[in-house]
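> As they're listed, the protein sequences go chains A and B.
The C-terminal residue of the first sequence carries number 218 in the numbering used here, and the numbering is unbroken.
The C-terminal residue of the second sequence carries number 599 in the numbering used here, and the numbering is unbroken.
These aren't lab readings, by the way, just hints derived from the structure by calculation.
Note that beta-carbon positions come from the ideal geometry of N, C-alpha and C, so glycine has one too.
Among the hints, erroneous ones may be present.
Computed Cβ-Cβ distance ranges for the label pairs, DEER-style [stated by the list, open to error]:
(1) B:V334 x A:F214: 52 to 60 Å
(2) A:A131 x B:L239: 14 to 22 Å
(3) B:V243 x A:G176: 21 to 29 Å
(4) B:I515 x A:R97: 30 to 38 Å
(5) B:I515 x A:P81: 55 to 63 Å
(6) B:V334 x A:G176: 28 to 36 Å
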Amino acid sequence: MTSRSNAVLATYRFDVVEGLRYLLARAARREPLPRRLSLLAPLRQEGVTYLARGLAATIAYDLRATVCAVELNWWWPSSLPGGPQPGLANVLSGQVRLDEALVGTSDPCLAWLPAGDLDPSQRSPVARSQALEAILTDLSRQFDYLILDIPAIRATSDALPLASLGLAGCLVVSQGGASVGTAQRALDEIAPLPMLGVLMNRMNLKTPRFLLQFIPET
Amino acid sequence: MTRSFVLRLLESFFRHRWLNLLPIVLLSGAGLGYVLLKPREYTTQGLIYVPGTTYLATLTNLTTDPASPWITPAVGTTNEIKELLQTDTFIESIIQKTDLAPKLKGAPVAVKQLIVDVRKDVWATAQGDNQVLVGSLYKNPVVAYQIASATIENYTQWRIDANLAQSASAQTFFTDLVQQYAAEVDTARQALNQYVLEHPAPLTGNRPDIEQIEIDRLKADLDQAQTRYTTALGKEEDARLAAAQTTVNTRQSLYVVDAPTIPDQPATSLKQTALQSSLFVVVGLLLTIVAVVGGAILDRGFLLPLDVTLQLDLPVLATVPDATQRRRRFARQATQVDSVVRSRPALTPVLTAGSPEPEPSRALPAPQLDTNPSQPAEPAV
């Protein structure tokens, strides 16, 4: 994925994109894909930001719908090529306009909204503020889909109100990462949010496939 | 649940397969080294028959049985041999009769170690009531044979020596006494002869009474000395006879039924060697199983999509492979991406930020998804 100036923003392998396509297919099997989808994880380093951007790019490329990956993680914001850029935090503070904060890509259907730099004392009020919801509503008018990049649930209590900004959630767990108990507790905390399912990241099954056919089903 | 557990076991093993195989490899190597480096040892055995009593003993009332009435002759003899094997003197006497004898002239520490080694390699066990098995184990088959033979021979000799000790002391006592009594007989005889020479008998008539009394007294002394001498001589003969009886009786009480032979094959057979080396492999296998099962139990993370379904009761929408795998695989798949992307139609120019709102809700057109099912991304679990 490249920027408008052809700078490489991110690279996604084919099999990663294929996994995200499976997600789209299965999530939309019974009802349309929610227009605001929260990607969240029990713990940090599960790959939420990576998958949120990849999912947004996949939707934009495959469905030819406009998508914006909105980063709401002010605690551990991602870095973009070219250094710090104004983001959502700057929009909330009135320093920049929303269209100035959006990062365009070579794909006209896809845009990213970085988190920006938000003072720690302001994060909790902002996570529960009407202003943030208003901005997301504004974004919803501009884009078909919003993919919300939520901080880890077990890392900050503000993840709960941020996750509820989405219409549905998708839990990201990496293979061998968060424990079962941690994931269960995280799900309990965001129980009101409808969950589409789980996205298993960093999957690397070491068991040879030919052995799997010998394992009994029950 | 069974499938989940089995899959977790498999995944736990294959995730660290080389580490998990390490105990098997290491212990197999150790087993191989043990088999190759273990010196070949030869064993030989001799069987002694120990009757309860001997025919000669019944005739002479001699008792050579070391056992008490409550234990069998074999056990009594075995205990004696075991006790003797604990003495350095007995072991040294065994070594003296083997090719190891020159080593007894070495340094005291080396001699001590030699005695310890030989003591460790010789044994005696009771077989039944009257049979004693004496065996030895050594690196050299000839020495093994010599040790077993010397053990039997030295024990037999020890039994004879022990039984002869009292007879020999009695014989020595009576021998000394006989010499003393013989001297007394000679003295008495000389005294009588001297008196008779000095007082010859008168030509006519009888000796005076005083001479006759003296001669009778000297005769009585001679008879008394002669009697003591004869008695002592008989006692000495009895002691000599008892010693001879003891020797024969002891020889009769220890029959070597099967004499030790020089072994022609090592004590450890191919089968035993295979069993010993397989024991190492089995231990390595057990360690691997413990590691795999422990890893599967202690790893509380999600290893398989099935874990998510069972534990969280949520569907697994997709599995995304690890993007940080080896570079070569990445390069191969990047080529695939390139070919797929190039085969796709170009994107239509669409909206930019701030453009009019698109159609609000759009069902996901299925034909646009999974356009390349030839590369499934989800594992079949």
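> Decide, hint by hint, whether the structure agrees.
We went through each hint and held it up to the structure:
no. : hint                        : verdict
1   : B:V334 x A:F214: 52 to 60 Å : 56 Å, holds
2   : A:A131 x B:L239: 14 to 22 Å : 59 Å, violated
3   : B:V243 x A:G176: 21 to 29 Å : 25 Å, holds
4   : B:I515 x A:R97: 30 to 38 Å  : 55 Å, violated
5   : B:I515 x A:P81: 55 to 63 Å  : 44 Å, violated
6   : B:V334 x A:G176: 28 to 36 Å : 56 Å, violated
The structure shown violates the earlier hints numbered 2, 4, 5, 6.
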